[in-house]
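Just need the whole structure built from these sequences, with the hints factored in.
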Amino acid sequence: STTDKPGGSSTGGAGAPIAVDLPRADSDFWNSYAKYIPQYAKEANLNLMTPTNSQNDIAKLVANTQALTSQGAKAIVMAPQDTGAIATTLNTLEQKKIPVVTVDTRPDKGNVYMVVRADNRAYGQKACEYLGQKLGGKGKVVEFQGSLSSVNGRDRSEAFAECMQQKYPGITVFAEPTEWEGAKASAALQTRLAQHPDINGIYMQAGGVFLAPTLQLLRSKNLLVPPTDSKHIFIVSNDGIPQEFDAIRKGEIDATVSQPADLYAKYALFYAKAAVDGKKFEPGKTDHDSTIVQVREGVLEDQLPAPLVTKDNVDDKALWGNQIGK
Amino acid sequence: MTTTVTAPAPARRAVPLARLRDLALVPAIVALLVVGALIDPVFLSRANLVNVLQQQTELSLLVLGETLILIGGRFDLSLESTVGLAPALGVALVIPAASHGIGTEWATALAVPICLLVGILIGALNGVLILRFGLSAFIVTLGMLITLRGVQIGITGGQSLFDLPPSVTYLGNTIWLGVPLSVWLCVVVFAAGIAALGWFRQGRAVYAIGGNADAARAAGIRTDRVMYVVFMIAGLLAALAGLLMAGRLGSIASNQGSQMIFQVFAAAVIGGVSMNGGKGTLFGALCGVLVLGLVSNILTLAGVSAQWIQAVYGLVILVALVLARLTTGKSQDS
Amino acid sequence: MTTTVTAPAPARRAVPLARLRDLALVPAIVALLVVGALIDPVFLSRANLVNVLQQQTELSLLVLGETLILIGGRFDLSLESTVGLAPALGVALVIPAASHGIGTEWATALAVPICLLVGILIGALNGVLILRFGLSAFIVTLGMLITLRGVQIGITGGQSLFDLPPSVTYLGNTIWLGVPLSVWLCVVVFAAGIAALGWFRQGRAVYAIGGNADAARAAGIRTDRVMYVVFMIAGLLAALAGLLMAGRLGSIASNQGSQMIFQVFAAAVIGGVSMNGGKGTLFGALCGVLVLGLVSNILTLAGVSAQWIQAVYGLVILVALVLARLTTGKSQDS
Amino acid sequence: MAAVGVSKHFGATTALSDVTMRIAPGETHALVGRNGAGKSTLVSLLTGLHRPDGGEIRFGGEPAPPAADRGAWRRRVACVFQRSTIIPTLTVAENLFLNRQSEGGPIRWGALRRRAGQLLEEYGVGVDPGAPAADLGVEQRQLVEIARALSQGARFIILDEPTARLDAAAIDRLFARLRGLAASGVTMLFISHHLQEVYTVCDTVTVLRDARWILTRPVADIGHDDLVAAMTGEAVGLTDVARRPPRDASVPAALRIDGLALDGAYEPLTLEVKAGEIVGVTGSGSSGKVSLAETVGGLRRASAGTVSVGGATVGAGVPAALRAGIGLVPQDRHREGLVPLLSVGENATMPIADRLGPAGMILPGRRRAAAQAAIERYDIRTEGPDAPVASLSGGNAQKVVLARATAREPKVLVLINPTAGVDVRSKESLLGAVRAAADAGTGVLMVSDELDDLRHCDRVLVMFHGRVTTELQAGWSDTEVVAAVEGVSA
Ligand SMILES: Nc1ncnc2c1ncn2[C@@H]1O[C@H](COP(=O)(O)OP(=O)(O)OP(=O)(O)O)[C@@H](O)[C@H]1O
Ligand SMILES: Nc1ncnc2c1ncn2[C@@H]1O[C@H](COP(=O)(O)OP(=O)(O)OP(=O)(O)O)[C@@H](O)[C@H]1O
Ligand SMILES: [Mg+2]
Ligand SMILES: [Mg+2]
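Protein chains in written order, with the working numbering: chain A, 1 to 326; chain B, 1 to 334; chain C, 1 to 334; chain D, 1 to 490.
Treat the hints with caution; some may be incorrect.
[Said to hold, decoys possible] Listed below are several chain A residues computed to face chain C (Cβ distance under 7 Å; list not exhaustive): (1) Ala16; (2) Ala25; (3) Thr52; (4) Asn53; (5) Asn64; (6) Ser70; (7) Gln71; (8) Asp82; (9) Gly84; (10) Ala85; (11) Ala87; (12) Thr88; (13) Asp108; (14) Lys109; (15) Asn111; (16) Leu148.
[Unchecked claim] Selected chain B positions facing chain C (in silico; Cβ < 8 Å): (17) Leu142; (18) Tyr170; (19) Phe262; (20) Ile270; (21) Met275; (22) Tyr313.
Just so you know, the hints here were simulated from the structure itself, not pulled from any lab data. Glycine residues also receive a C-beta, built at the ideal position from the N, C-alpha and C atoms.
Take a look at the structure:
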C-alpha cells in the first residue's frame, strides 16, 4: 500500500523500529528481495518501518537514511549499489550509534555491523570453472559484464578473468560492457556472433536482465540447441530467478548461480535485530551453512552459500527461485 | 518619370545548402565503412551489416518521431518511456497474473492494438498539455518521462515481463527474405515519412509551423491540429519501437528504452535536424542513426576496453560533428 | 474639421508579470511545507529541513550555472559529467596509485585548485566549440557529457576514489553555526548571482544576449566574450558542486552526478527559466530546486511504496507545472 | 466588410475601443493614425488572427467564420502583415504558395517553382524561387509578401504599411498593380504613414486615434492638414522643412571615411561628414548604401580603408565604434534593434550601462531617470520605462532604437532608414531630434529611401551599384534624386 503510516510499523511487531532501504525497484532480483522482507519481518515479529527505495541513486540513499534516522530508526538495512560513496553516511550513523547491515554489497570504507552477502568473486569463479570444464579448456566465451562502477560487477568480472587466464588459457574471452542493460548485451552478442560464429560459451552476470534477450537472439539464429548438438552454446547465468530455472529445465541454458534473495532478506533482518539487541558475532562457521569472515577491522561479513544450479539440482525446493511464483 | 529598369540583381543560383547538409553525413558513413572493413573483415559481411541495421531499427523509429516534432519546433523527451510503457501495458493486460500480468487477461490478440493505442494516447496527452495548456514542451515531456516510467514500474512491480504473446514478439523477431521484418518496416515507414514531409501539404505544414508558427497560422495552417497529429504519430512510432524491442529481446524489462532519448537527439542533431524547428530532413536523421550504429558496432568489433569505450564513443561523436560542420561550412544553431 | 481630443487610453499600471512569475512557486513551497508537516511532525524539525537544504546544495549550484547559460540563450548538458570528472581528476592526480590515483602524487593542496581549474577549462572548451566553431550547443555538450564521463571511467577504471585529501572533503563536510558550510556557500553564491544578474552590466548583458544576440551586439555588448565567461562560470560551479558532493559522500564514484542533468533542467524550468533564452531569474530557479527537494523528502517520509514512488514523483512535478501555469496565467514557451 | 463596435485589450493596454468601420465593396479604403493607434490590431481582427473582446466582424452582411476555420478566412481576405510572415527556412517559391502548394495530392516542385518564377517576375523581384527565404533582403521579403497576398485571388485585400520598406520604383510598381486590382472590383484596406500615398491610391480614409475611431471621409473631402490634425488631435499643420544654415567650411570633420570598401557590396569610397552636418545617402536596393552604414557603425568589417572620428582611426567592431563616438540605428529593428523581452528603459540605456552606477553596477533609479528622459525627448508612447519593449507599436519601437543610438551623445550618428514605419508626427519629432543633435555638433550620416528624410540633409549622395554616382546639394528636386537612384542621368 502507498499510505502506510510513516514511522509506524507495517508488520505490527514489537521492539525497536528497524528500517530497510531497498536499492532499486526495476530488477527482478531486488523485487523478490523486497517481497521477502515483510514476510520474514512478520516471522521474526520485528517492528519494521515502511521500506524506502533509493532507486539506484546514492544521493537518494543518503537522503532516505537521513529521513529514516529522523523518524527514529534504531537499525538500518541497506544495499548501497555504489560502495564508495556511502562512507560518510556510515560514519554519521556510527556516531549516532545506529547499527547498519549492508546486503549484497560491502562498503569500501566505513564500519558496519554486518555485511550479508554472497561471495561475488566466487560467482565469477564458479561460472569460469563450469564453462572451462564443459568446453574442455578451449573455445570462445562472451561475458556480459555488469557496470564497472558496481562492486559486484567488478568482482565477478575480475574473478572470471583471473580464473580463465590461470586455468583455461585456451579459452578466448570477449568481455562486453553492458551497464546492466539487456539491449546493449543483445547488440554486442549479435555483433560478436557475426565476427566469431564459433562462439561456444556465454557468461551472463545477471540473468534478470540478460536471460531473455540472449535466448531470443540465439533462438532467432537457430543456436538454441541441446547440449548434445555440436553447435550448442554453454550458458552460465547468475541470479537464480524462476525464469532461469525454466530455461535450465528446457536445456536452453546450462547453469546459474543462485544468489539467495530469501537468505539476504532473512539474515539482514536477523542481524539488524541482533544489533538492536546488542549481540556480538565472531568470525567463523555459523549455524546456517555459512561463514562469517572479518574482511577488515570493524567489518564482519556473513558469506551466504550461493549454490550453482544445473539440470541436476534445479528442482531443489530449497532454492528461493522455486519458492515464489514467477 | 521614365527609367530604364536596371537589371535585377543577378540571381546567383544559391547552393542548395539544405540539400548539402542532408548529404553531409554520407562521407562520414563511407569513412566508417572503410574503417570498419580495415578493423575486421567480418564488418562488411552481410550478416554483420544486417545486424547493425536491425539493432538500429528501434532507435530509428524514435528518431523519426522526434524529428517530426523537432521540425515542428517542439520537443518530446517522453518517447523513451513510451517505448517501455506501451508494450508493457499491452502485455500486462493480456497475460495471467502469475506472469506478472494485471489479471485482466484480455484476449491476447488485443496486446498489439492496445500497445499502439497507448502510444497514440500518450502523444495526445502531451499535445493537450503543451498545445492546449500552453505548458513548456521540455518540462511537460520531462515530467511525462518520469511519470510514465513510474507507471510502468508501478504496474509491473518492477519485474520484467517474460511471457510475451506471439503477436507481440512477431514483429521484432521475424525474418523476411533474409532481412529482419523490423528492417523492412523501418524502410517502409521512412519512405512514407520522407514522401509526406517532402511532397505533401500536411508535411510541408510541419516545416512551416516550425519555421514561424504565426506565419503558418496566417497562411491558414491549423497549427495546433497538425501538431496534435505529429505528437500522436511520434507516440505511435515509439510504441511500435517498443514492440520491436520487446520482440527482439524476448521480454520487456521495466527499464526498456531507458537512456535512449539522448541517443535519439544525438542522431537527429548529427543528422542536421535543428533544435530550433523548421529545419532538417528524415534522410539526414536516418544517416545520423546509421552513424551511431556503425560507431558502436566498430568499437565492439575492435574490442575497445570497457574502461575507455565510452570516452572513445563520445569523442567519435564530437569529431563527427566537427567534420559535418567543416563539410557543410554552415554554422549550426544553438 | 473638428475633433474633440479624446483622453489617452488609461495607462493602467501593468502587473509586472516577470515579478509574479518569479514568485509563482512560493505558494507551492508553502503548500509543500504544510503537507509535509501533516504527514510527519519530523518533517518540520530543524534537522530534517537542514538535511533537505544540504541535499540540494549540489543541485542548486548546477542549476545556477545552467540558468545563466539558459538565460544567455544556450544550453549545457555536460555539467553533470563535470560534477564527476573535475573532482576525480583533482583527486586522482594527488593520491597514490594504490588508492587508484594516476600515480603523479602531486601535493595534496593542489587537489581543490585543479578541480576548479578543470571545471573552468571544460567550460572554456564548450565555449570554443559552440561559439568559435559554431556547433550546436545541444549536440556539443551531449558529446561532452558522454566523453567526459568516459574519461573519468577511463582514468579511474570505474572505481570509486575514496582516499580523499581533507581539503577536498572540507567543503562538503563542515558545519558552521549548526548549518552545513555547503548551505552557507550556496546562499553566498546565489546572493552574488542574483545581484550580478539584476544590478550589474555584465549580468544584464546575459539577458540581452539571450533575448536577441544581434541587437546586443549592435548595442556594443561583446556577446562572445560574455558567453565564454558564462560557460566557464558554469563549469566552475559544476566543479564546486562536485567537491561538495565528494565531501558529503566521502568518495567520488565513477558515476558521480550522473542523471542529474534532468533534475537540473526540471528545477530551472519549473522555476520559470525559459529554454529559449532571455527569460528567468535565479530566485525562481532556486525555488524550483527547493520544490524538487521538498517533494522527494515528503515522499520518503510518507513512505510511498517503492513500486509507485517514481510515478507519484513525476505526477507531482506535472501538477506543480500546471499550478504554476494557472497562478501566473502566462503561457510558457516550447 | 464591416467591423462593428470592436474592442481589443492586451493585458492592461487598450488597443481598440468600440471601433466601427465599414468598407464598401470595391473601394480602396485608407486607415491612418499615429503609431500605436490600433491599426495593426484592427487588421489582426479583420484577418481572424485575434478575436475581438467585444463587437463583431462581418463580411458582406454575414458574421465572420469561426476562428478555427482558417480556410474560410483566407477565402474572404488576404493580407500583407506589418510583421514579416515569411518563413526563413523555406524557399521563396514555397513561401509564395504556402499551404496551397498543391490541390491535394503530391506537390509538383518543378511546376511550383515555375509558377513562383512567373509571379516574381510580374512583381519585378529578381530572386531565385528556389533560394531559401532567409537569403532575401528586407525589401525582397516585402515584395514576396505582397506578391503572395495579391495572388491569392481574394476579393478583399489588406495592406499594412506595405511601402515602409520599398524603394520608389517598387512603390510605383505596387501602385500600378493596386489601381489595376481596384479597377477589377477588388476591395482594399491600405495602411500607410505616407499620407501622400493615401491621396494617390485611396478613395476613403478612416482615422484612428488612441484606440478610438475618429472619422471616415472620402479623401477628396479632407485636406492634408485636417487629416494630420485628426490623427494627432492637435489643430496644427505640418511645417515645411526649414533650410539649415550653410556649414562653415572651417568646421572640422566629425567623420572621415578613407578608401573604405567591402568586397561584393561597395567599392572604395572616401567621404567626410563635418561636425553638425547631415549627409544623406540613398540608392536602390543592393546599391551598397546599407552595407556602407553598417561598416561605419561597426556591424561589418571593412575589406579595405579606414573610418576615423575626430581624427582618430576607429577599430573594428561595435564596441570600438561606440567608444569612438559613433551611434547606430540599424536597418531592422526586430533583428538588430531591440531585445523584445527587456523593458523600454533597459533597451534605451543599453549602450550607457557603464554610466548608470559605480563598478559596473546599474542603479535602477538612474536607469529609470535616463529612460524617462529619452521617453519624453522622443515622445515614446509607452506605459513607462518598465514596459517590455515588445508591447510597443512599430513606430514607438523605432524611437527606442533612436534613443539607444543617441544615448552616449555620439559625435557621429549613423542612421539606416530611421523613419521606416513611423507616423507623421513621430517622424517629425524623430527628424527634429536628429536635427537637434546635428545642431549641437554631431555629424549625421543618414541612409534612407525616403525623400522626406533626405530633405533634412545638407547634401545627398546617391549610390549605384556600390559607387557614389551623384552628389546633390540642398535644394534638389524629387525627380533628380529618383533619376540618380535609378541610374539614369537627370
Ligand atoms: N501582442 C500585443 N501585446 C501587448 N500589447 C500589444 C500587442 N499588440 C499591440 N499592442 C498594443 O496595442 C496598441 C496598438 O498597437 P498596433 O500595433 O495596433 O498599432 P498601430 O496603429 O499598428 O501602430 P504602427 O503604426 O506603429 O504600426 C499599442 O499600444 C501596442 O503597444
Ligand atoms: N558581407 C557581404 N559579403 C558579400 N556580399 C555582400 C555583403 N554585404 C552585402 N553584400 C551584397 O552587396 C549588395 C549590396 O547590399 P546592401 O545591403 O548594402 O544594399 P542596400 O542598398 O542596402 O539594399 P536594400 O535597400 O535592399 O537594403 C547586395 O547584393 C548584397 O547581397
Ligand atoms: Mg501597425
Ligand atoms: Mg540592404
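So, going through the hints one by one against the coordinates:
no., hint, result
1, Ala16, "violated (17 Å)"
2, Ala25, "holds (4 Å)"
3, Thr52, "holds (6 Å)"
4, Asn53, "holds (3 Å)"
5, Asn64, "holds (5 Å)"
6, Ser70, "holds (4 Å)"
7, Gln71, "holds (5 Å)"
8, Asp82, "holds (5 Å)"
9, Gly84, "holds (2 Å)"
10, Ala85, "holds (4 Å)"
11, Ala87, "holds (4 Å)"
12, Thr88, "holds (3 Å)"
13, Asp108, "holds (5 Å)"
14, Lys109, "holds (5 Å)"
15, Asn111, "violated (13 Å)"
16, Leu148, "holds (3 Å)"
17, Leu142, "holds (6 Å)"
18, Tyr170, "violated (30 Å)"
19, Phe262, "holds (6 Å)"
20, Ile270, "holds (6 Å)"
21, Met275, "holds (5 Å)"
22, Tyr313, "holds (6 Å)"
Hints 1, 15 and 18 from the earlier list are contradicted by this structure; the remaining hints agree with it.
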